[in-house]
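Chemist: So you can see what is in the structure, the chains are spelled out below.
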Amino acid sequence: MPHVTPQQKDLPLDLVVAIGLQLIYGIAHLALISIGLAIIFGMMRVINLAHGEFLMLGGYVVVVSTNNGVNIWVAMLILAPLIVGLIGVIVERLLIRWLYGRMVDTLLATWGLSLLLIGLVTSIFGASTATTVAPPLGVLRIGAYSSSAYELFLIGVTIVLGIAIWLVLKLTKLGLVARGTMQNAEMASALGVSTSRIYMITFGLGAAVTGLAGGLLAPVTGVLPNIGATYIAKAFITVISGGASILAGTAAGSVLLGGIQGVVTFLSGPTFGEVGLLLTAIVLLRLMPRGITGRFFRKSL
Amino acid sequence: MKQTGTLREMRPTLIFAFLGIVFMFLAPHVLQLFTIINLTTAIALAVLALSLALIWGYGGILCFGQVAFFGLGAYVYTMAAINFGGSTWAVLVAIIVTSAFAAVVGYFMFYGRVSDVYLGVITLTVTLILYSLLRRTSGPEYKIGKALLGGFNGVSSPPINLPWDTRTLLFPEHIFYVAMGALIICFVFAGWLVTTHFGRVCVAIRENETRAELLGYDTRAYKLGIFTIGAGIAAVGGVLFCNGVGRITPDVFGLYNAALTIIWVIVGGRGTLIGPIIASFALFYLTSALGGQSLLNNNLVLGVILIFFVLLVPKGLAPTLIDWVGARRKGGPTRTRRRNPRGTDA
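Chains as they are written, first to last, in my numbering: chain H, 1 to 301; chain R, 1 to 346.
I should point out that these hints are in silico values taken from the structure, not numbers from a laboratory. Misleading hints may appear alongside valid ones.
Simulated pairs of lysine to any residue, SDA-like, Cα-Cα distance not exceeding 20 Å [unchecked claim]:
no.: 1; chain 1: R; residue 1: K146; chain 2: H; residue 2: E186
no.: 2; chain 1: R; residue 1: K143; chain 2: H; residue 2: S268
no.: 3; chain 1: H; residue 1: K173; chain 2: H; residue 2: E186
no.: 4; chain 1: R; residue 1: K146; chain 2: H; residue 2: G269
no.: 5; chain 1: R; residue 1: K143; chain 2: H; residue 2: T271
no.: 6; chain 1: R; residue 1: K143; chain 2: H; residue 2: F272
no.: 7; chain 1: R; residue 1: K143; chain 2: H; residue 2: G273
no.: 8; chain 1: R; residue 1: K143; chain 2: R; residue 2: F189
no.: 9; chain 1: R; residue 1: K143; chain 2: H; residue 2: E186
Sample of chain H residues at the chain R side, in silico, Cβ under 8 Å [claimed, not checked]:
no.: 10; residue: V17
no.: 11; residue: V70
no.: 12; residue: V104
no.: 13; residue: D105
no.: 14; residue: L108
no.: 15; residue: A109
no.: 16; residue: L115
no.: 17; residue: L116
no.: 18; residue: G119
no.: 19; residue: T195
no.: 20; residue: L267
no.: 21; residue: T271
no.: 22; residue: E274
no.: 23; residue: V275
no.: 24; residue: V283
Glycine included, each C-beta is placed from N, C-alpha and C at the ideal position.
Put together the whole structure using the sequences plus the hints.
Modeler: Okay, structure coming up:
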C-alpha cells in the first residue's frame, strides 16, 4: 500500500485552497441572499415572493448612487439597506398587514408586488443593464490560481451579518420582544407589546438585510429589472430546507445545499449544480417536511 | 338515474362546450388568418388555465409551477417529433412523460406532506430551475437524439401532422381546429371529472383535509392523482402552444408566465373551470394590446391586477358573479361555499 495515492499527488495545495474558497463562497452567497427572507419567514410566517425584487432594488440603489458620485462603500453598506428597508416598511403598512394569518393570500399579494416592482423599475431604468459598478477590490493570488478578493470580503460580511443578527435577537430588548411575538403573538399583545409595530419593524429589517445583500452583489452580477428571478428559487429552497429557525436554519440550509451545489458544479459543470441543489432539497423535504431545524436544533434561533 | 344526475350537473359545462364548438366552426369564416393564428396561442394558454383551475380550484393544490408542465410538454413534444419524424407518437409521449414527471415531483411533495404554501414555492422553484437549466443548453453537446436543445434561442417545433400520415402537415388554420377541439375535449373531461366520485373526494380534501382523511380516504393518493391529471392537461396545452408559436424557448418557464397562470385563476375564480379560461383569453388580449404601447409595462399592470384581486375580489370574477346572480334570483343570501383552503397552516 503506497503512502501517497496518485490523486493526492495531482491535487496541489493551492488548488485545494482555491476550490475550498470557492465552496465557502458558494455557501456564503446562498446564506447572504436567503437571510432576509429567513428573518421575515421565521418571525412572521410570511413568505415574501417579492424577495428577489428587494435584492434587485438594493442593486439599483448602489448603481444609481455610485453613478451620482456617492462612495461605493457608503452606497453598498448604508444607502442600500436604508432605502430598501424603508420600502419594506411602506410595503408592510400598505399591503402585508391586511393579510396576516392568510398565508396563501400573502404569497399571492407579494407576487403581485414582485411584478409591480419589476414593471416599475423597467419603466424607469429600461429593460437592459444600467451602468454597472466594478468590484471595489482586486484579485487575490493563491499559488498558481487567483480568486477575487471581493468574494473573500463577501464571506466576511455574511459571517458578520449572522453574528449581528444573533446579537440583536439575543441581547437587545427589541430582539426579546420580537422573539416573544414570534412564539405567541396574542400573549405578547396581552403583555402590552404592540405586535403590529413589531411586525412592521421585522419586515423592515428583513427588507433592509435583503437590500444590503442586493447592494453587495450588484458589482458581481450587475443589475437588471428581472434579476430577482435568478435569486429567489435558491433563496426559497434554502430557507424552506433550513426550516423556521432564522440563523440555524439559514446556516444549515446554505451549508448543505451550497456544499452540494459546489461539489456537483466541480464534478460536472455549473449547469447541473443548480439541479443537484434542487434535487437535494426535494428529497430533503420528503424526509424532513419541516426543514432541517424542524428536526434538529429545534431550540436554536 | 345516476346517469341523468351526472348529465344535469354537467349541463353548464355542456352548454359552454356547445358554444365553443359553434365558435370553432364560425371563427375561421369570420376572422382573418393572422387572428386565427394568434387565437391558437391563446387557446393553448386557455388549456393551461384549465389545468390549473382543475388542480387549484378543485384539488386545492397551490401549484405555482403549472407552466413547468406546460413547457415540459412543449419541449418533449418538439424533441420527440424531431426524432420520430412525425407528431402522432410525439403528442402521446409528451403527455405521458410530463405526467410521469409530475407524478414523481408530486410523490415527494404529497407523501412528504408538504403543506400548501411550501408546495407553491417548491413547484415554482422546479419551474425556475428548468428555466435556468434550459437556458444553458446552447452548446452542440446538449441534444436529445437528433434534436438540439438550443439553449436561450430554443428549438423550432415541427407542426402536427395527420395521425400516422407524416406527409400531410397541418396548416395554421387546421391547427386552430385541433387546438379548439382539444380545449373543448379537455374542458368536458375536466367538467366530467369533478362530478365523479374521485372529483368529489378531491373537493372534500380541498375543503377539509383532516376530515376527509378521518373518513378513510388516502388524501395523498387523491391529491397526487388530480395533480398528475392536471399536468397531463397542461402538457396538451404545451403541445398546442409550440404549434401555435412555431418554436419553444426557455422563456416559457419564466417567472412572468408562472405569474400569469396564477393570475388567470385568481381573476377567473377558484372553483370554476370556465372562469379561468375566459380570464386567460381576456388577459391575452389585454397584454397584446399593452404590448403596442410603451407607457405602461406589462409586469406593472399584471402586478396591480393581482394585488387588486387578492385584496378586494379574493373569490375571483366567476364565483362572485354566480353569487350575485343567485342572490338576485332567490332574493336572499345564497349558500356560501368556502372555496379556498386558506389559513390551514396559519
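Chemist: Tell me, which hint numbers fail for this structure?
Modeler: When the structure is compared with the hints, numbers 1, 4, 8, 9, 10, 11, 19 and 20 turn out to be violated.
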